[in-house]
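Engineer: Let's have the full structure, built from the sequences with the hints guiding it.
Going down the list, the sequences are from chains A and B. Residues in the first sequence are numbered from 1 upward in steps of one, following our numbering. Residues in the second sequence are numbered from 1 upward in steps of one, following our numbering.
Bear in mind the hints are in silico, worked out from the structure with no lab data behind them. Do not rely on the hints blindly, as some may be mistaken.
Examples of chain A residues lying across from chain B (beta carbon under 10 Å, computed) [what the hints assert, rightly or not]: (1) F21; (2) I24; (3) I25; (4) I26; (5) S27; (6) I31; (7) S96; (8) E97; (9) I99.
All C-beta atoms, glycine included, are put in the ideal place defined by N, C-alpha and C.
Residue-level listing of the chains:
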Amino acid sequence: MFEITLYHYLVLSLILFAIGFIGIIISKNIIKVLICIEIVMSAINLNFIAFTAYKNYLFLSGMIFALFITAISAVQTAIGLVLIYQIYKNKEKITSEEIEELKG
Amino acid sequence: MDFFANNIFLIMFLPLWICLIIISGAFIRLTENRKMTAFLTSISTLTGLVFSIALFNDIKSPQPIIIEDSFSWLNIDNLNIYLGVLLDSTSAIFLVILMLISLLIQIYSYGYMKNKEEFNKYFVYLNFFNFAMTGLILSPNLIQLYIFWELVGVASYLLIGFFHKKEDVSQSAKKVFIINRFGDTALLAGIIFFAYFSITYMNQQPNEFLAFSDLDYFHNQLQSLTYPNVYNLVLSLFLIGAFVKSAQFPFQQWLIDAMKAPTPVSALIHSATMVCAGIFLIIRIYPLLSDELLKIILSIGLITAVLCAFIAISQNNIKKMLAYSTSSQLGLMFTAIGLQSIPVAIIYLVIHSFTKALLFLCAGNISQISNSIETKDISGLRKIDFYLAIYWLIGALSLSGLFFGGFTSKEMLLNIAENNKSILFLILLTSFMSTFYIFRTYFNIFEGNKREEYKIINEKSMSFALMTMVIFVIFPGFLFKVSQINMLCLLAFGVCITAIFSAYFSNKCNKIMIPPLLYKLSQNELFIPNLYNSIGRLFNLIYFAVNIIDKYVIEGFINITVKITKFISNIISKLQNGNIQTYVSYSIFSIGIILLIILYLYFMALRS
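Structural biologist: Written as structure tokens, this is what we have:
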């Protein structure tokens, strides 16, 4: 029978991270970038939980960490959305190529 | 009297202080007042004069006080360089002359510069010169002497280039400075060599490095430890320094160019005080000099005395004539030193300083009256300004050694040269020529027909300074006693009288009766200016070559570097395009590389 080990979780998390990261880099819409950041966050969360469950389940620090990360990512998403709303109000666009004030 | 000895630093720093006051006053527009400037300057010099006379008295007293006071300036390993003050009889005499002539010339300058621009600047420079010269005279060791030696050169440069808006004046100032640099460099090289010898060869270092008071000790130690030829060569560098500063042959050219300065400055710096710095240096290092070096001094002195007097015969520019005369007289002082008679040299210097300063001040008056200093433009001045003619005559009589101070000094010089017929002959020849040129100028300028375009100068400060100077020219004749009136004395007298008559007749016939070849040589100043010009041209050639190298090799190299940098930075600046996503990918990429390196190192560690 097919058994699910730690390595499966880690590979899944790696795939999620890769998907999220590539999404961050290539997506033009800033809201998509925000969503991709969330995906990266959940990949990290998955890592924490998997390690806790397989290696160190007596101490729940990994789980608690995952909880914190979830809370913080919610806050971060809220702030990100507000920022994006402000950018939209100023520029009427939310494509990332338009935002390049930092150009050297 | 202790007060003066304790506060001797005051005479050095008072002029500098006044100089700063005038500068800052000009900045905040407080002392635009010309009277105030002149007043402050003369007060500071007067204080210096009072101090120096008091100190001179102290030193003349039966128990001479030699003031030596110095503080450590630089400490390098066991080498202590001191700055301070050394006042012995030599420096006291120099100090009195400096202060006295400075004071008179500052008073004279007030009248002379009254209607000229940049009056304050002129007095700032005069004060600065006073400071530098006092420092030079009071310096207790060779290093401080060198520092002030340079400062004096700077002051001289600034004052020569005072009318710097004229092209030729600034050129001359530069030329003077460059020729002086030559001597300064020789002096510096001499000091460095000497310091090297004293550090390397001497077992026991004296407390104060290269102090004048230790020179005897130095000499005894070093002479036994080094080769005499090498030692003499090093000391001859000092001599070159002194010769350049005192305008000896063949360096006398700078003194001629220095005549572009305002006339009072010529009187102060280029006849009475600064040019004596060379003599001062030689007197200071006299304990070191061997017989060969004294012979060199003697011969250079005699050559200068004769040749410069010879050139002065046919000069038509009064200031140029006086400049050559100064060189020639300084040559006679070097002769006296070469004959191992320091007191005679000093007395000659004192009297010559006053005489030449008087003549220069007269030349200043002449130039103001007639707007020219060429003898061909001036005649019959006696009918305009009778006193001026008398002053010039007194100066001329003193310079030629017929009466007054000049008589005494010439007598002493002849007495010490008594045993050597050829030296005696050369001195008498110089005396003949000096008398000839100075009286030739007198007959040219003051006698003859009066011209119309002259304006009468009636400036109180100028006539006061002239009158006082005359007193100081006449007075020293009674101060020093001549031993006896002997044959030599009569011979010199006869020579001078002959010279006066020949000057009178040559003026009557309107030409100088010497062979045309000699006349041409004299008129063209022995072609020494041409020599200097060709040296200048040689340097132009070098300049041309260096310019090409600079322009195409060095500058090309720098330009290529600039172009490469620009190219690279253009590429690199494209990386920073303002898009956050690009930055994120850069960071992840670099983190990945770092992780790879760490992993690689980890596996390498595992394998071994």
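Engineer: Each hint: holds or not?
Structural biologist: Hint check:
At its closest, the beta carbon of F21/A sits 7 Å from a beta carbon of chain B; the interface hint therefore holds under the 10 Å criterion. Because the beta carbon of I24/A sits about 6 Å from the nearest beta carbon in chain B, less than 10 Å, this interface hint is met. At a threshold of 10 Å, the smallest CB-CB gap from I25/A to chain B is about 5 Å, leaving the interface hint in force. The closest approach between the C-beta of I26/A and any C-beta of chain B is roughly 8 Å, which is under the 10 Å cut-off, so the hint is satisfied.
The criterion of a C-beta within 10 Å of any C-beta in chain B is met by S27/A, whose closest approach is roughly 8 Å, and the hint holds. With its C-beta approaching chain B no nearer than about 14 Å, I31/A sits outside the 10 Å limit, and its interface hint is violated. For S96/A, the shortest C-beta to C-beta distance to chain B is roughly 6 Å, which falls under 10 Å, so the interface hint holds. At its closest, the beta carbon of E97/A sits 7 Å from a beta carbon of chain B; the interface hint therefore holds under the 10 Å criterion.
A cut of 10 Å between beta carbons decides the hint on I99/A: the least distance to chain B is about 7 Å, and the hint holds.
Hint compliance for this structure: hint 6 alone is broken.
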